[in-house]
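Given the structure of chain A, go ahead and fit chain B onto it with the hints provided.
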Amino acid sequence: MRYRRLRRLLGPLEPSVRKGYHWVRGRIARWRRSALVVVALDGDHDGPAEALVADLDDRIGVWVCCRDDVAPLGSVGWFVVRLEPASVQREEDRQAEVAAVVASWRRACRDVVVRDLRDDPA
Amino acid sequence: MTGSSARSVLGLSASTSDGVPVLFMSSNGVGMGHLTRLLAIALRTEPAVRPVFLSLSRAAGVVDRFGLPWEHVSSNAVLGDTAVWDVVLRDHVVQTIDRWGVRAVVFDGVAPYRGLRAALDRRPDVKRAWVRRGLWLPGRLRELGIADWFDTVIVPGEIGPDDDPPDAPTVVDPVTLVDRSQVADRALARRELGLPADAHIVLVALGSGALTDVATPFRAVMDVVADRHWVVARPRSPLPGDLVPPGLDVHTFEAYPMARLFSAFDAAIAASGYNSFHELVVGGVPSLFVPQARETDDQERRAAHAAAAGVGLVAPELADLPDRVSALLSDDVRASLRAHLDDHGVRNGADEAAAAVRELVGA
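Taken in order, these protein sequences are the chains called A and B. Here the numbering used here is used: position 41 in the first sequence is 41, and no number is missing along the way. Here the numbering used here is used: position 120 in the second sequence is 120, and no number is missing along the way.
In case anyone wonders, no lab produced these hints; they're calculated from the structure. Built from N, CA and C at the ideal position, the CB exists for glycine as well. One thing to keep in mind: the hints can contain errors.
FRET-style restraints, in silico, Cβ to Cβ [what the hints assert, rightly or not]: (1) A:S75 x B:L318: 43 to 51 angstroms; (2) B:E317 x A:A96: 51 to 59 angstroms; (3) B:G139 x A:D68: 35 to 43 angstroms; (4) A:R18 x B:P138: 21 to 29 angstroms; (5) A:D55 x B:V346: 36 to 44 angstroms; (6) B:S8 x A:G43: 42 to 50 angstroms; (7) A:G47 x B:A77: 43 to 51 angstroms; (8) A:D68 x B:L12: 16 to 24 angstroms; (9) A:H22 x B:S336: 52 to 60 angstroms.
Chain A extracted, bound-state conformation (with noise of 0.2 angstroms):
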C-alpha cells in the first residue's frame, strides 16, 4: 500500500526512480552472493547432489542437467538449470550452451566456483 501510494505521489517520475532502485537492488544483491554451479547434464546425480549440498555454506547451489531430475534435486535444495537435450545435438553445441548458463551466473553474482562432474565423476 505504502508502494502503490509513493508511485502516485512520483507520478511521471515513477518509471525511472522504480528503474533505479531495481539498478541498485540488484548491484547489491550480486555482490553479495556466490554460487557454485555443478554441471552434470546426463550423470547419475543422486550421491553428489546431497554430498555437495552439505558444502555450499552460504552460496547459491546451481545444478546444471539435461535428465528429468527436477523434483528430486528442486528437493534437496539445489537451483536445477535443466537443459533440452534435443537442442544440443553436437559436443560443441552443449560445451556452448552450458558455458552460457555459467556466465549467466558470473553476471548474478560476485563469485562462482564450478564444479563440472563430466570431468570428475565422483
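For chain B alone, kept in the frame of chain A given last:
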C-alpha cells in the same frame, strides 16, 4: 508413461519439428496448473507451430510425455533473491529464444516476471502473449497494469460470469487439456487405475498440499465416507512430497493427464482451482468443490458458479464438509448433478486460444 505416450492415448499424432518455434513459458514453482493449461493450448497449435517449453514447475517433466522439448529454471522461491534470479531468468530466456529460433513467447502465470520482460526487451522482434486465467480476487488484477506490454492477452474463460477486465483480452471458453471426446470409457479407466469394476468410487483431489493444508479436509471427508462402503481414490501428485495423512484406507494412483480417466469415478471432492474444476465439469463428474485460499485465484466464486448452475456442490468452510459430502454420496443428488453436467456445453477454449497463438506468429 514416458516418451510421447500421453500423446498417443489422447489420440494426438506425433510431434514434428517443422512448425514455427514458439516458447511456452509457465510459472508454478509448487504447482502445475499454469503448465497444464499451456500444454492444452500448445498441443492444439501443432503442426503449424513447434512448441518448446520452459517451465518453473518442478513437475515440468510431464511435458516429456507429450514428446515436446522442455527446459526448466527453478523458481525465485528457491533463491529467495529476486535480483539475482531476474538476471538468470533473463539470460536463460534469451538463450532459449536464440537456440530454438523462437518467434513468440506465450506466458501463463499470474505476473510476467521482470527477467522475462528484460529478455524480450533484448529480443524485440519476438511476439508475446499472456495467458491470464480469469476470476481474480477483487482488485488484484488492476494492481498489475502490465497487460499493455503484450501483443495479445488470452483469458481462459469460466463457466460463470467474470469481472470486466481492465484491458480488452481475447476471452475463450474454459481451457482443458482433455476434451470430453478424449475421456476413456469407464471400464478402461478403472482397469488403468487398478480400481474395482463394480464399487462406488469417489475421487478426492484437494491439491498437492504445497500451498494449503489438505490433511484436515481429507480427514473430514474420510470420516463421512468411511462407513458408506465407498472406495476413496486420490492422485499422487507428480510434485514431490506426500502431504496427505498416512494410515488412511485410500487407493492412491498416478495418472497424467488425470482428466482422461475421470470416467472411473462416481463422484469427486476437489479444490476449485481452474484446471481441476473445469476438467471435472467437462468430464461430467458429479463433484463437491472445496475452495482453497489463494493470492489471486477466486476459488470461492468459481465454486459458487458451479452451485448456481447446478453442476456441482460447494463446501465453503470446513464445517460444511460433512453435510455436503453426505449429499454428494446420495444417488438422487448425483443424478441431478449429472443431468445438468450432460446439458452443459463442452467446447474447449484451448482450440480458440491455439488459433490466437497461430495468428500471432502468422502460422
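Here's how the hints hold up against the structure:
no.: 1; hint: A:S75 x B:L318: 43 to 51 angstroms; verdict: violated, 29 angstroms
no.: 2; hint: B:E317 x A:A96: 51 to 59 angstroms; verdict: holds, 56 angstroms
no.: 3; hint: B:G139 x A:D68: 35 to 43 angstroms; verdict: holds, 39 angstroms
no.: 4; hint: A:R18 x B:P138: 21 to 29 angstroms; verdict: holds, 25 angstroms
no.: 5; hint: A:D55 x B:V346: 36 to 44 angstroms; verdict: violated, 54 angstroms
no.: 6; hint: B:S8 x A:G43: 42 to 50 angstroms; verdict: violated, 30 angstroms
no.: 7; hint: A:G47 x B:A77: 43 to 51 angstroms; verdict: violated, 26 angstroms
no.: 8; hint: A:D68 x B:L12: 16 to 24 angstroms; verdict: holds, 21 angstroms
no.: 9; hint: A:H22 x B:S336: 52 to 60 angstroms; verdict: holds, 55 angstroms
The structure fails hints 1, 5, 6 and 7 (numbered hints given earlier, in ascending order).
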